[in-house]
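Q: Assemble chain X onto chain B, guided by the hints.
These protein sequence lines are chains B and X, in that order. At position 37 of the first sequence (counting the first as 1) the number is 37 in the UniProt record's numbering, and the numbers step up by one without a gap. At position 126 of the second sequence (counting the first as 1) the number is 126 in the UniProt record's numbering, and the numbers step up by one without a gap.
If you are wondering where the hints come from, they were derived from the structure by calculation, not from laboratory data. Mixed in with the good hints, there may be bad ones.
For the chain B half of the interface with chain X, some residues (derived, Cβ under 7 angstroms), not all of them [what the hints assert, rightly or not]:
# : residue
1 : A119
2 : E122
3 : H123
4 : I134
5 : G176
Simulated pairs of lysine to any residue, SDA-like, Cα-Cα distance not exceeding 20 angstroms [stated by the list, open to error]:
#  : chain 1 : residue 1 : chain 2 : residue 2
6  : X       : K128      : B       : M114
7  : B       : K149      : X       : G176
8  : B       : K120      : X       : G117
9  : X       : K120      : B       : G117
10 : B       : K34       : B       : C97
C-beta atoms are modelled at their ideal positions from N, C-alpha and C, and glycine is treated no differently.
There are 2 protein chains.
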Amino acid sequence: MVPQLREHIERIVPLTDDEFVFISSCFTSARYRKHDFLFREGEKVAHCYFVVSGLLKLVYTDDNGMEHIVAFAMEDWWESDFQAFFTQVRATMSLQCMEDTEVLCITLADYQHMCAGLAKMEHFLLMKANAGNIAAQQRILSFLTSSAKQRYEQLLKRYPTLLQRVPKTHLASYLGVSRETLSRLYRGN
Amino acid sequence: MVPQLREHIERIVPLTDDEFVFISSCFTSARYRKHDFLFREGEKVAHCYFVVSGLLKLVYTDDNGMEHIVAFAMEDWWESDFQAFFTQVRATMSLQCMEDTEVLCITLADYQHMCAGLAKMEHFLLMKANAGNIAAQQRILSFLTSSAKQRYEQLLKRYPTLLQRVPKTHLASYLGVSRETLSRLYRGN
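Pulled out of the complex, with its shape left as it was, chain B reads as follows (with noise of 0.2 angstroms):
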């Protein structure tokens, strides 16, 4: 397994080698090309991935069939459609790679017998899934209260890379704004 889990799991809880292979044993490997569709809208959603190297998009598509992204999820994020994976009805989005992008896989099954097996792994999944609320949270007030200069600035702020790495559709789509708004943005007008 990749020690960029370890590394990354590390950072909240410290573990013994056995640990880890323990959780290793939980996860499985897998590549996508650039535009592979990782779990589309209506199918069953299989397992929660952790990004080793890429970049995805959660995306839903609307009955106009205008592209709305959700999440953008790159290295050391962890993404699913949360609904359908952890109450296991189909997925009312998709998840698709806008890079080649290299994950780790974890099942609903697999998740449940991480925790019940290595306690300080619950713990790990709470603080990462606090940090989930908070993001979401801010997310949410952003759309509330702030203009789409706005969310394009706080955007920038948190994620810098992420401009040079996603199109400009694509940012446009994540801030819910026309692409020649973002456009008059991206010039300061």
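A: Same frame as chain B, now just chain X:
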């Protein structure tokens, strides 16, 4: 300690009497009157709250003095400014009573003490945090994809009792629409 907390936890994990005595020792109880603040923007956030009875609103006030409702919280819900609570920065939001409200309060130190002392509470809190992430992902999605009318209908479907308890100005603020737009939705136009 109120039996309601035990019932709430036991929907996910069974508890012995001794375990519930330990859990209860981590909380204090408090009662507030309608319009009281549990904390205000700019203050330290000492507690995460479990609502026993009543109704709270988590509010952000922008530079123009306009109030935006990030979340409501009623019986059996957990609420706080999660960034302020978990990372001990000052609150960017305020938590205020919309009705007379009884809450159970836990400090960050007691939250950590409770998790370290009882692994099944860490499991319970992880399940709640994951459910919170599902709800947040759905709310982000609704801002990206839905019209005000659809957001209103989703809210009523998910939390039908809110309509009876929350004044229309507050519903409008939660949905990110004007009071006039909401009135049109009520009339079905």
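Q: Please flag the earlier hints that this structure goes against, numbers listed from lowest up.
A: Per hint list: zero violations.
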